[in-house]
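Protein chains: 2
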Amino acid sequence: MQYYPEVLRQLIDELKKLPGIGQKGAERLAFFLIKRPHENVKSLSDAIIAVKEKIKICSSCNALAESDPCRICSSSKRDAERICVVEESNDMFFIEKMGEFNGMYHVLQGVISPINGIGPSDLKIESLIERVKHSPVKEVIIATNPNMDGETTALYLHKVLSKDGVKVSRIARGIPVGGELEYVDEVTLMKAFEGRTEMK
Amino acid sequence: MQYYPEVLRQLIDELKKLPGIGQKGAERLAFFLIKRPHENVKSLSDAIIAVKEKIKICSSCNALAESDPCRICSSSKRDAERICVVEESNDMFFIEKMGEFNGMYHVLQGVISPINGIGPSDLKIESLIERVKHSPVKEVIIATNPNMDGETTALYLHKVLSKDGVKVSRIARGIPVGGELEYVDEVTLMKAFEGRTEMK
Numbered sequence: 038m039q040y041y042p043e044v045l046r047q048l049i050d051e052l053k054k055l056p057g058i059g060q061k062g063a064e065r066l067a068f069f070l071i072k073r074p075h076e077n078v079k080s081l082s083d084a085i086i087a088v089k090e091k092i093k094i095c096s097s098c099n100a101l102a103e104s105d106p107c108r109i110c111s112s113s114k115r116d117a118e119r120i121c122v123v124e125e126s127n128d129m130f131f132i133e134k135m136g137e138f139n140g141m142y143h144v145l146q147g148v149i150s151p152i153n154g155i156g157p158s159d160l161k162i163e164s165l166i167e168r169v170k171h172s173p174v175k176e177v178i179i180a181t182n183p184n185m186d187g188e189t190t191a192l193y194l195h196k197v198l199s200k201d202g203v204k205v206s207r208i209a210r211g212i213p214v215g216g217e218l219e220y221v222d223e224v225t226l227m228k229a230f231e232g233r234t235e236m237k
Numbered sequence: 038m039q040y041y042p043e044v045l046r047q048l049i050d051e052l053k054k055l056p057g058i059g060q061k062g063a064e065r066l067a068f069f070l071i072k073r074p075h076e077n078v079k080s081l082s083d084a085i086i087a088v089k090e091k092i093k094i095c096s097s098c099n100a101l102a103e104s105d106p107c108r109i110c111s112s113s114k115r116d117a118e119r120i121c122v123v124e125e126s127n128d129m130f131f132i133e134k135m136g137e138f139n140g141m142y143h144v145l146q147g148v149i150s151p152i153n154g155i156g157p158s159d160l161k162i163e164s165l166i167e168r169v170k171h172s173p174v175k176e177v178i179i180a181t182n183p184n185m186d187g188e189t190t191a192l193y194l195h196k197v198l199s200k201d202g203v204k205v206s207r208i209a210r211g212i213p214v215g216g217e218l219e220y221v222d223e224v225t226l227m228k229a230f231e232g233r234t235e236m237k
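Chains A and B are the protein sequences, given in the same order. The numbering used here puts the first residue of the first sequence at 38, with every later residue one more than the last. The numbering used here puts the first residue of the second sequence at 38, with every later residue one more than the last.
It is possible that some hints are incorrect.
Claimed, not checked - Keeping only pairs whose Cα atoms sit at most 25 Å apart, straight-line, the calculated PhoX-like set for lysine-lysine is:
hint : chain 1 : residue 1 : chain 2 : residue 2
1    : B       : Lys-114   : B       : Lys-89
2    : A       : Lys-53    : B       : Lys-89
3    : B       : Lys-54    : A       : Lys-134
As the list claims (entries may be wrong) - So the derived label-pair ranges between C-beta atoms look like this:
hint : chain 1 : residue 1 : chain 2 : residue 2 : range
4    : A       : Lys-61    : B       : Gly-59    : 15 to 21 Å
5    : B       : Lys-53    : A       : Asn-139   : 37 to 43 Å
6    : A       : Thr-189   : B       : Met-185   : 55 to 61 Å
7    : A       : Met-135   : B       : Ile-208   : 48 to 54 Å
8    : A       : Pro-151   : B       : Asn-182   : 51 to 57 Å
9    : A       : Glu-217   : B       : Phe-69    : 29 to 35 Å
No wet-lab data here; the hints were simulated from the structure. Don't be surprised by glycine CBs; every beta carbon is placed ideally from N, CA and C.
So that you can see chain A by itself, here it is in the shape it has in the complex (with noise of 0.2 Å):
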């Protein structure tokens, strides 16, 4: 049995299979945009359009961005001698809104993931290693996601590259700011313990 007109089933159809939207939440939003006005819906349909046709891979640190190489990878303003990598894209986003770090960065576009059959070779390993050695890199930055996958991927890392004697360095572990000690995980806890720093 069809209950809505068929273009609007389309779309909830559509929206669902967005994360994070189930059926409930696919029909609040069609119906919002159905009441939007027509303009405002065209900007957003406009906007998924072009964000695919426009973003590329930057052939430098493979991250998204509108220019290859990208700003980061162009800027002479950036510190050369520091690359961080990360995980994904977004990842690289989040720490340019720290806005602290100065370097330069690489995203490896996914974590070795032996569950999931991925290995070094399926990530921009290979290509980061190159970066390391042709480059003036005096330290590389590990920040993929401290789980499971995210310290094979650092550990790996690490080994693959302390034999160009560059410095490895992983970000730490630790208690959240503004987080408590009891709803903190042991192993997390551990973490906050082996990387203590002195108080001066």
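Starting from the structure of chain A, add chain B where the hints point.
The following block gives chain B in isolation, referenced to the frame of chain A:
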């Protein structure tokens, strides 16, 4: 400072305008869309535009529909003696989903809300009165939401429609099926007692 490529920022801004979607949610959706194949993203974009271009308002019941008169108003299989009055088209679709009601609908396109300055003349009440006068309607079932505005509207409709000698009924308010007495507010509990039915 601009962290995201321009087209990506535009998409995130557009997605943030959707109900229940904040900055983080919009970023998550945007990155999801970037990773999806082009044709899938195109079909979402097309569905958004199609729904705006093809959805009409039925001139009889005021529901969102692909044709005018809508599928229900033009059907000879529906019971023309009962009209269910709802606030919005989505309420109609939800009732249709239930599959138990076989009558017609009338969408008010809103609800009487003195606090928002919405009076009876802002709603499709005049056309409901006309429909009741000029059709074989025997019962008007008022299915506005059981909140203050919905109840106000129900009382108003009862007053103006009773003149025509038509039966005006109100959907039952009570404990939701699967709910528990202790979690229900007092007014709902009172309505559940008032609306009790004899067990036979």
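**Message:** Range first: 37 to 43 Å. Now tell me if the beta carbons of Lys-53 of chain B and Asn-139 of chain A are that far apart.
**Reply:** 28 Å, violated
**Asked** Between Thr-189 of chain A and Met-185 of chain B, is the Cβ distance one that fits in 55 to 61 Å?
**Response** Holds, at about 57 Å.
**Message:** Taking the Cβ atom of Met-135 of chain A and the Cβ atom of Ile-208 of chain B, is their distance within the range 48 to 54 Å?
**Reply:** This hint holds: roughly 53 Å between Cβ atoms.
**Agreement of Lys-54 of chain B and Lys-134 of chain A with the hint, judged by alpha carbon distance not exceeding 25 Å** = With Cα atoms ~21 Å apart, Lys-54 of chain B and Lys-134 of chain A stay inside 25 Å; holds.
**Prompt:** Hey, Lys-53 of chain A versus Lys-89 of chain B, does the alpha-carbon distance stay inside 25 Å?
**Reply:** Within the cut-off at roughly 18 Å; holds.
**Asked** Taking 51 to 57 Å as the hint, is the beta-carbon distance of Pro-151 of chain A and Asn-182 of chain B inside that range?
**Response** About 53 Å separates the Cβ atoms of Pro-151 of chain A and Asn-182 of chain B, which means 51 to 57 Å holds.
**Item:** Distance restraint evaluation - Lys-61 of chain A, Gly-59 of chain B, Cβ atoms, bounds 15 to 21 Å
**Value:** Holds, at about 18 Å.
**Prompt:** Regarding the pair Lys-114 of chain B and Lys-89 of chain B, is the alpha-carbon distance no greater than 25 Å?
**Reply:** 29 Å, violated
**Outcome for the supplied range 29 to 35 Å, where the beta carbon pair is Glu-217 of chain A and Phe-69 of chain B** = The hinted range 29 to 35 Å holds for Glu-217 of chain A and Phe-69 of chain B, with Cβ atoms some 32 Å apart.
Hint check: violations occur at hints 1 and 5; the rest are consistent with the structure.
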